[in-house]
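Peer 1: What follows is the residue order along each chain.
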Amino acid sequence: MSIFGKKPVETLSNGSQVNQKSLKMRIWNNRGFYLMFLPVAIFVLLVYYWPMLGIRYAFYSYKLKNIHWVGMGNFVKLFSEPDFWQSFTNTLELSIIKLLLNTFAAVLISVFLNEMKNMFMKKTIQTIIYLPHFMSYAVVAAIFTLFLSPSSTGFVNETMKEWGFLSSSIDFLHSKSLWRPIFYLINMWKETGWGTVIFLATLSGINPELYEAADIDGATRLQKIMHVTLPALSNTIIVVLILNMAKVLNMFEPVFVLYNSRVYDVSDVISTYVYRKTFLTAIPDYGYSTAVGLFKSVVGCILMLICNQASKKVRGRGIM
Amino acid sequence: MKRKIVSVILAVSMCTALLAGCGSKSSDGVLGEMEAPEEGTESGDFELDNINIIVDGTLTATVENGQDAFVEQWESAIAEKLGHEVKLNITQLDHSDYSGTVSRTLTTGAPGDEGYPDALIMSATMLRQYQTTGLLWNLKDAYDNAEFQSRLQYPEVNENMETSDGALYGFAPTYGNGCVTYIKQSWLDKAGMKAEDIKTFDDYYDFLKKVSDGKTYGVIAAGYGKVDETPYINYMPEWWQGAYPSFYEKDGAWVDGFTEQATVDALARLNKGYKDGVIDPDTEEAGTKQAREKFFSNDQSTSEGVFTYWAGTWLRTLTDNMAKNDVDNDLGDERLVQLEPIQEIKDTWGGYLNREAPVWVITDDGDGNDAREQAIFDTLFETMLDGDRVQTLWTYGAEGVHWSTEAESFTTNPDDPEKKQDYDYEDGEFHLRPTPNDPNTIWKKNHLDPVLVISPLTNGFTDTDPLIEEGNKFFLANCVDAPAAASSETLTEYLEDLTTVKTTLINQAVVGEITPEEAVEEYKAEFGDISAQIIDELSAE
Amino acid sequence: MDNANLMRLGRKAEEQEYTKRRFKFSAFDFTNYIVFIIIALIVILPMWKVIVDSMNSVGVYQFRFWPENFTLDGYRTIFTTRKLFRPFMNSVVTTVAGTFLGLALSTLGGYVLNQYDMPGRSAMSMFLMITMVFTGGMIPEYLVMKQLGLVDSMWILVVKHGINVYNLVLMKNFFEGIPVSLIEAAKIDGCSAMGIFFRIVLPLSKAALASIGLMYAVTIWNDYSTVQIYITNPDQVNFQYMLRVMIMDGDTPTTAYKVSQDTLYYASIICAILPFMVAYPFLQKYFVKGVNAGAVKE
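Chains as they are written, first to last, in my numbering: chain F, 806 to 1125; chain E, 311 to 851; chain B, 9 to 306.
Check the hints yourself; a few may be wrong.
[Said to hold, decoys possible] The calculated EDC-like cross-link candidates involving lysine to aspartate or glutamate, where the alpha carbons are at most 16 Å apart (straight line), are:
#: 1; chain 1: E; residue 1: 525; chain 2: F; residue 2: 963
#: 2; chain 1: B; residue 1: 266; chain 2: E; residue 2: 725
#: 3; chain 1: F; residue 1: 826; chain 2: B; residue 2: 160
#: 4; chain 1: E; residue 1: 634; chain 2: E; residue 2: 603
#: 5; chain 1: E; residue 1: 391; chain 2: E; residue 2: 457
Calculated from the structure, these hints are not laboratory results.
Remember, predicted model here, so these are calculated numbers, not experimental data.
Sequences and hints are given; from them, build the entire structure.
Peer 2: Below, the structure written as structure tokens:
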């Protein structure tokens, strides 16, 4: 919780004086700030805290207007539901592999981009590879769905047929074996460039003397990368992984825009499962969906705390 | 450390206090919806001044197509009829996910809320799911005593909707209609065939093969089997033939059609068609709109020769859309041929399936007093079939916008000499006008199809489009009633799961990822118990 | 130091060698350039195809550098068809409103949380923190939004994104960089808390406001799932949703222009990314600053 808690040195120096004033006085002196905080508090209450009350429905059956207490019933059902477990393992697999691939690709690109000496070229490439990040998942999915479509205007299929790699169209996004690789590739296309921002920033902070020293030792470019650049990045890599690890269960939109009923087995994640159970079911049980959501929140919360501890160990401050 | 503990305690207490505050508020908020609302408790006369309805795309007078005028004229007609004003609020939802949206609205709202419907449209399946929930009003008495009873020409449509204990929760103003198979005449010519030659599945397949070349395909539909919408198989009847991939009553006993050999055979046929490239692979993902647009698209090199779609009015709509896209202009209204049901369909069902009609329902406010509900019935349903002014509104739309009886003349496609058509009407002659958002097409109908309606218009307003008439006649001569939709508690609970798994298995089997036998086996392995339970429940009724 | 002195002569030679090597355009450099040009092409070619096809009157699968049959009907269709234009305007309105609200709340919150001698500060930050760790979930949120009358209303986009605790923290970090002396001086001049905020802090945080404002704007403009979950009324959806419905569900609205389906699709994609693509070259540094402030700050 250190982002908020870190106390600047300036206030520390006269901290003892501050503490001597009476609490009432201090509250009165800060009345303007409380007032300024009020709108923030109201919004946070409405948008974040009020919904938390609804968590009680996890212990109810809530179908249409019929609400009644079922205790742990929803959780019993949940844990015995194979579709739920499938979505749970899918969530972990998809988001962790996606995270590792994106990070790996971003590190690789940063390292080699860092080797580029022509500044104009470097800046241009940066500008280009950052671009896809600003497209929504809806747009990216739209583009690739059109490109990968098996219809006669599908770019990939028709081009591959023309070049003789394929004899008949492949329905990429409907294929169980191809969906995941395509999912990872599309996500890499979208996010790798943006992922380099943080690594390039770290690299720009490396002391040039380190490279000069390596040069003196007669190190080759690759040796310098191995022994200077990568070690300098290792801390940042770990931080990026930890920061994102805490959020692995939240994945919704990237999957939602690309998946379809044929590939549920390999693509359904917890959030899409909850979505379908709630919004695409003829008469949904809101209690059950809430229970799934609560389970996700609790596991997510635990992950967050673990990552927070890990972050404290690695870089001396938490992620929150 | 102490500071930290204190701050945690403070934060927690702050939250609890706030939660408690909100808690008391919400207990009469979210949970409060369970309580009966205030209004409507006074007995006796109930004056309705506002009526909220939820409709799907079958109300063709959409916002872009003159809904304002429709509402305005409805309101003034009602004011005249009932002697007091009623405001009509229409919420029109997209076809996709209609049932999900309706369930959310009904769950999270209460009668009297803004946006909570007083009446709404439901499919036969939805009606069966909701009729046991207590949310819908039993309109049996209101229906029996309705004024339109004297003019009823298809009484069996609503009789079929009654529950086993004689209650009626939905009101069907029309019969269901169904799909027939359309073939493009030009493609028949190209293949050197005639529609009359296509008598069996083999003939049908033969034709498809002749017209498919990897870019053009024989046939397209909205899904290989549309398992989320009864009667499931009606968009690809030649392929499914006697199979029915859901629960239905067969010779007096309920069965799960998905586990039957007929389904395996149907999947094998579809798989062969897919492999041979006669079924457009877009079928898997296409919605009805996408499928039909591809069928009449201006790029016929990527189109299809065969399309099974709704009978009657849609024969006209498909033809008009082909004309709009300059497809086969030389053939005029002969562009599409209706295919008689092939022998295999005749042998199993007996003809194309006439689906169960969609219905209008009234929401019950649960106060034990029927005044509000009866008022809704009288205001909305009774007038809808008044045979006169209001029924005309529901049938053809707004006067002066969608139709007119005044002398006028207009021209469609004035800039295109080939397609240009002049219309000239005398005073007093009933005629449909150009569509508001597409002046080159003539308006067809609004919500009620004049041919399907259970009690006809009495003011003599008929739109005699020979093509539509021919289409309806053709369908009536070649249709049989579809099996009644099944409904049981377990089925409702697992409906979405069953739909998903069946869609997935059908798609996998069609593209050959698994064999048809494997598809059925996997279904049995995953849902065999549930299927058995559903059959038990259905048989117990 | 000693070592350096001793070895100065030896190093001189090495330095010359070093300089030579540094400016030699090696095979490594060559490969590096080629690889990066390929990477840049991988990113840019799909976008280029989208742009070209959005102005091509017939749908083709081939890659073209320039439209064969140039037409702007795709764009004309979008801006003349109510069903498409309305969502576009909804996107504009919600993005602008949401960005302002988001900026207002995060600057207020960030500023207040910097008041270290304010009693209850820790509790207030804890109050915000919890929301980053624990949320109510999809259904409870839906029920609350229903109570607030925001279901089926585009304003849900504004309210839902109006406060982002993460951005608030970034704002606080920016404020921390403002020299205390300036604030102290203002205090001595008799400035109130509000006065300091509006007259000293905000003017000094223009870059931060730009960065964080952009983050809000991108999030709101690009939000598709909120609309998917909360809005069914076609008059209230945003453009991302419309795009998705059109392309994935094939629900193309009837239009006045006779435009090929693909042309319309691609033109819509361009419109869905246009505001940021146009602004991007000018604002790139603010985007980058924003992400660095969040993640790199040690």
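Peer 1: Would you mind marking each hint as holding or not holding in the structure?
Peer 2: Structure-based check of each hint:
1. Straight-line distance between C-alpha atoms of residue 525 of chain E and residue 963 of chain F comes to about 11 Å, which keeps the hinted pair within the 16 Å bound.
2. Taking the CA atoms of residue 266 of chain B and residue 725 of chain E, the gap is about 14 Å. The hint holds against a cut of 16 Å.
3. Note on residue 826 of chain F and residue 160 of chain B: the hinted pairing is violated, with a Cα-Cα distance of about 51 Å set against a maximum of 16 Å.
4. Simply put, residue 634 of chain E and residue 603 of chain E have alpha-carbon atoms about 12 Å apart, close enough for the 16 Å limit, and the pair holds.
5. In summary, the hint linking residue 391 of chain E to residue 457 of chain E is supported, as the alpha carbons are separated by about 14 Å, within the 16 Å threshold.
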